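Visitor: Chains S, P and V supply the protein sequences, listed in that same order. For the first sequence, position 241 (counting from the first letter as 1) is numbered 241 according to my numbering, and the numbering increases by one without interruption. For the second sequence, position 291 (counting from the first letter as 1) is numbered 1291 according to my numbering, and the numbering increases by one without interruption. For the third sequence, position 44 (counting from the first letter as 1) is numbered 2044 according to my numbering, and the numbering increases by one without interruption.
Calculated from the structure, these hints are not laboratory results. Please note that a few of the clues may not be correct.
Unchecked claim - Calculated pairs, DSS-like style, for lysine-lysine (alpha carbon to alpha carbon, straight line, at most 30 Å):
1) V:LYS2127 x S:LYS173
2) V:LYS2137 x S:LYS176
3) V:LYS2152 x S:LYS176
4) P:LYS1204 x V:LYS2254
5) S:LYS188 x V:LYS2175
6) V:LYS2253 x S:LYS48
7) V:LYS2199 x P:LYS1295
8) S:LYS173 x V:LYS2254
9) V:LYS2152 x S:LYS188
10) S:LYS173 x V:LYS2248
11) V:LYS2199 x P:LYS1246
12) S:LYS176 x V:LYS2253
13) V:LYS2175 x S:LYS173
14) V:LYS2253 x P:LYS1246
15) V:LYS2127 x P:LYS1145
16) V:LYS2253 x S:LYS173
17) S:LYS48 x V:LYS2083
18) S:LYS188 x V:LYS2127
19) V:LYS2127 x S:LYS176
20) V:LYS2175 x S:LYS176
Only a predicted model underlies this, so the values are computations on that prediction, with no experimental measurement involved.
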Amino acid sequence: MNLLLRSIRSLIKNRFAASAVIVLAIVFLVGVFAPLLATYSPADTAPKDRLLAPGSLHYFGTDELGRDIFSRILYGTRVSVGIALVAILLSALVGTFIGSFSGFIGRWIDQVIMRITDVLLAFPTLVLALALSAALGASIVNAALAIAVVKLPIYMRLARTQALSISQSLYVKSAKTFGVSSGWVVRKHVVPNLLTPIVVQITLDIGDAILLIATLGFLGLGAQPPTAEWGAMISTGWNYLIDQWWYPTFTGAAIFITVMAFNIVGDGVRDLLDPKSGE
Amino acid sequence: MSSLIVDIQDLSLSFQTDGSEVSILKNVKLQIATGEIVGLVGESGSGKSVTALAISKLLPEEITRFTGGSINFDGTDILKSDEASVAELRGKRIGFVFQEPMTALNPTMTIGNQLFHVIRRHSTLSKDEARARVRKSLEEVLIFKPEIVENQYPFQLSGGMRQRVVIAMAMSANPALLIADEPTTALDVTVQAEILSLIERLAKDHGTAVLLISHDLGVIAKTCSRVTVLYAGEVVESGNVADVLKNPRHPYTQALIRSLPDIAARDRSLETITGEFPDLRNRPDGCIYAPRCPKKFEKCSQSPLLLGINQLHAVACWAEHSVGGGA
Amino acid sequence: MSNHDALLRVESINKTFITQSRGIRNENHAVKSLSFEIMRGEVFGLVGESGSGKSTIANLLMNLETLDSGEIIFDGNVIAASKGTPKFPYGDIQIVFQDPKSSLDPRMSVREIIEEPLRSVSIDRKKEFGSSSDVLKLIQAVGLREEHLDRKPHQFSGGQRQRIAIARALITRPKLVVLDEPTSALDISVQAQVINLLKAIQNEFGLTYLFISHNMGVVKYLCDRVGVLYQGELVEVETNERIFAAPKQDYTKKLLASVPNMFEDMEK
Chain S
1 MNLLLRSIRS LIKNRFAASA VIVLAIVFLV GVFAPLLATY SPADTAPKDR LLAPGSLHYF
61 GTDELGRDIF SRILYGTRVS VGIALVAILL SALVGTFIGS FSGFIGRWID QVIMRITDVL
121 LAFPTLVLAL ALSAALGASI VNAALAIAVV KLPIYMRLAR TQALSISQSL YVKSAKTFGV
181 SSGWVVRKHV VPNLLTPIVV QITLDIGDAI LLIATLGFLG LGAQPPTAEW GAMISTGWNY
241 LIDQWWYPTF TGAAIFITVM AFNIVGDGVR DLLDPKSGE
Chain P
1001 MSSLIVDIQD LSLSFQTDGS EVSILKNVKL QIATGEIVGL VGESGSGKSV TALAISKLLP
1061 EEITRFTGGS INFDGTDILK SDEASVAELR GKRIGFVFQE PMTALNPTMT IGNQLFHVIR
1121 RHSTLSKDEA RARVRKSLEE VLIFKPEIVE NQYPFQLSGG MRQRVVIAMA MSANPALLIA
1181 DEPTTALDVT VQAEILSLIE RLAKDHGTAV LLISHDLGVI AKTCSRVTVL YAGEVVESGN
1241 VADVLKNPRH PYTQALIRSL PDIAARDRSL ETITGEFPDL RNRPDGCIYA PRCPKKFEKC
1301 SQSPLLLGIN QLHAVACWAE HSVGGGA
Chain V
2001 MSNHDALLRV ESINKTFITQ SRGIRNENHA VKSLSFEIMR GEVFGLVGES GSGKSTIANL
2061 LMNLETLDSG EIIFDGNVIA ASKGTPKFPY GDIQIVFQDP KSSLDPRMSV REIIEEPLRS
2121 VSIDRKKEFG SSSDVLKLIQ AVGLREEHLD RKPHQFSGGQ RQRIAIARAL ITRPKLVVLD
2181 EPTSALDISV QAQVINLLKA IQNEFGLTYL FISHNMGVVK YLCDRVGVLY QGELVEVETN
2241 ERIFAAPKQD YTKKLLASVP NMFEDMEK
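Let's have the full structure, built from the sequences with the hints guiding it.
Guide: Shown next as structure tokens:
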């Protein structure tokens, strides 16, 4: 309750972050209510209405198959943001589990796990994501998996460092003098104190994941036609940039605004969850 | 008192955070003469470190607002000087020793090299002369095997040895003022005794003025000739150490000394200070200590002035002045 | 006092830490055949500088480290030994650490913090002392109020946090409380309040204290007997009166002489 009040207060103070939160809320609502808001079906082709300029019938114009770009962007929200969320949450869950385990147990298990993260971190994110989704086969599910794997070492490292410092803290030492079980220590002390930096990392990573999905889609490795996905839409749309500017531009703007909003909110969440902020 | 090195008059300053303004210091007065060791005592939040940092303008510029008074360092009006000329004073004319020696040392450089760089920066000595000076400075802080210590890294030294090295660095440019902020708080008592006598001896030999900040009245009594007591950013009492600590006149100083367990009778409770520390976001009018003071009377709703009881002892308390001088 | 009046008996305990860095084996004999006993109702002080083995002794007593040899007998039972698996009487011995900023979990409420030690005591004891009225009584005994129970540690000052840590140590009604530099991180005026509190609850709860400190003033005021540690060995154990008036060992003399005392050092 206290935290909620504090959140609201500090977000109001930071109008920039507040407007980003509003943008994100709109993005989520658009994703959820896409079928109600869309003026056309995203997959309906109309060959005679191809590449129409924006107007009262088609707000953002139509594409080379006569599909309504506005409706496709709305449906695309579900795919791009949804898959990004799933990929990052999956990555965070698995990474936190392995990382805190590694930090706790220590010894050779820790060594092995940390060398694996070293290997994963040695590749540039995009290259690794490309290689993985190419190897797994081009599909939206495989793209999500690839992103989850690429982000995994970040969460493993973060969780490991945190678990290590928490397990050496004086409050865990105190708990040990009470004779409580390790399960209790993990549940009551390690997890709650570990969660904050993980949540911050998640919010910061979602924007990045959306971009990765779009990039994979752009390169034909993500969502397959006719699925409305932002990256894939830009991939075909950019051929028409000179004569039908609206085709890639509105889609690009959707990506830009969403990613930007996630990044700003991520920064805000980081400030907010810092236990030293506030009184 | 003709050779004043530091002369702080009615210094007031505040910190601005999140749109609210916190008054940190109010009308602080502090003077230090050549070769003199002056103590600054107070509990957390009293503003003792802020006062020290203000002398060399080391406070975070974005949040600090000087609201009144002046700081004069050896003829320079610090608050009116630009950053470049104050930066020139730091290290060269003002040396610093802090509680944690590791914060002042570079962990990746040998002791000899660090001292060498500091000496070269603040002097016109040639490389060979500077090398010789490194040796001499280490000898001066009673490091008996300088030729070994020179080639060691900070982590290879004990806490006491590190603090000696920091003192050697601070003194290398022969500063007019040494600011020592809790220099022995992190050290063992036997090491503390050595470091304190080292500071005393260096101050005497070089005629350096020392501002010694401590929460430990024992340290102040042992080392300083004069002391200033701060409470919530205001000077409540100042004077000769013997006068102030043996015959404290301000109710806060009195309570502070009485709350020490050192000479208390074991079968009685220690005296404590009741009430709470004031909220400095809204510094109360009148005497800052009045809400916790057992001697409070009507007059205390006005701010008391720091007035002398005698030439060597001043106190900011209406009770003292109405009895003694009829203010 | 006869031997069976002792609540705690530490019998020639040893502890060596072995560390390996860059292939160099490093042995640190932290505690060397150390023996002492603490009588019921007594305040026993342990003084010494860094490296004297103070914190190792505290860790051994709290079952956070294992002994190399010797044994620790508490209330007639062996609670720590190099052989076998003695049962540790959780709840009967509690500790208060120096730094109340880090000894309280920042994510827990004061109520959760105070109730945590009850996790591993018997059901009967939990029933007896775990009721909310008992928690309330305890928080008031350490000078805090009911509404403080739902707050988080960061909303309190250092002195208040140490009060919370003391309340947490008392919830299981321990017989022995180890006080590991409990006032070193506090301001002088706050230190006086916490010392008064420690004295008051000692009588109220019938406690025995092991008081570990480097602050001679506090030790002199609080302790009945004092043991002086130097490099893992107990060089001198004496009553309060004797150790401060007539220290026998050279190290004790040096230690006491090093403490700057404002009541003696003002000849200037």
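Visitor: Now tell me, hint by hint, if it's right for this structure.
Guide: Cross-check of the supplied hints:
no. : hint                  : result
1   : V:LYS2127 x S:LYS173  : holds, 25 Å
2   : V:LYS2137 x S:LYS176  : holds, 25 Å
3   : V:LYS2152 x S:LYS176  : holds, 21 Å
4   : P:LYS1204 x V:LYS2254 : holds, 25 Å
5   : S:LYS188 x V:LYS2175  : holds, 27 Å
6   : V:LYS2253 x S:LYS48   : violated, 103 Å
7   : V:LYS2199 x P:LYS1295 : holds, 28 Å
8   : S:LYS173 x V:LYS2254  : violated, 34 Å
9   : V:LYS2152 x S:LYS188  : holds, 14 Å
10  : S:LYS173 x V:LYS2248  : violated, 37 Å
11  : V:LYS2199 x P:LYS1246 : holds, 27 Å
12  : S:LYS176 x V:LYS2253  : violated, 37 Å
13  : V:LYS2175 x S:LYS173  : holds, 20 Å
14  : V:LYS2253 x P:LYS1246 : holds, 26 Å
15  : V:LYS2127 x P:LYS1145 : violated, 64 Å
16  : V:LYS2253 x S:LYS173  : violated, 35 Å
17  : S:LYS48 x V:LYS2083   : violated, 90 Å
18  : S:LYS188 x V:LYS2127  : holds, 22 Å
19  : V:LYS2127 x S:LYS176  : holds, 22 Å
20  : V:LYS2175 x S:LYS176  : holds, 18 Å
Checked against the numbered hints listed earlier, the structure breaks hints 6, 8, 10, 12, 15, 16 and 17; every other hint is satisfied.
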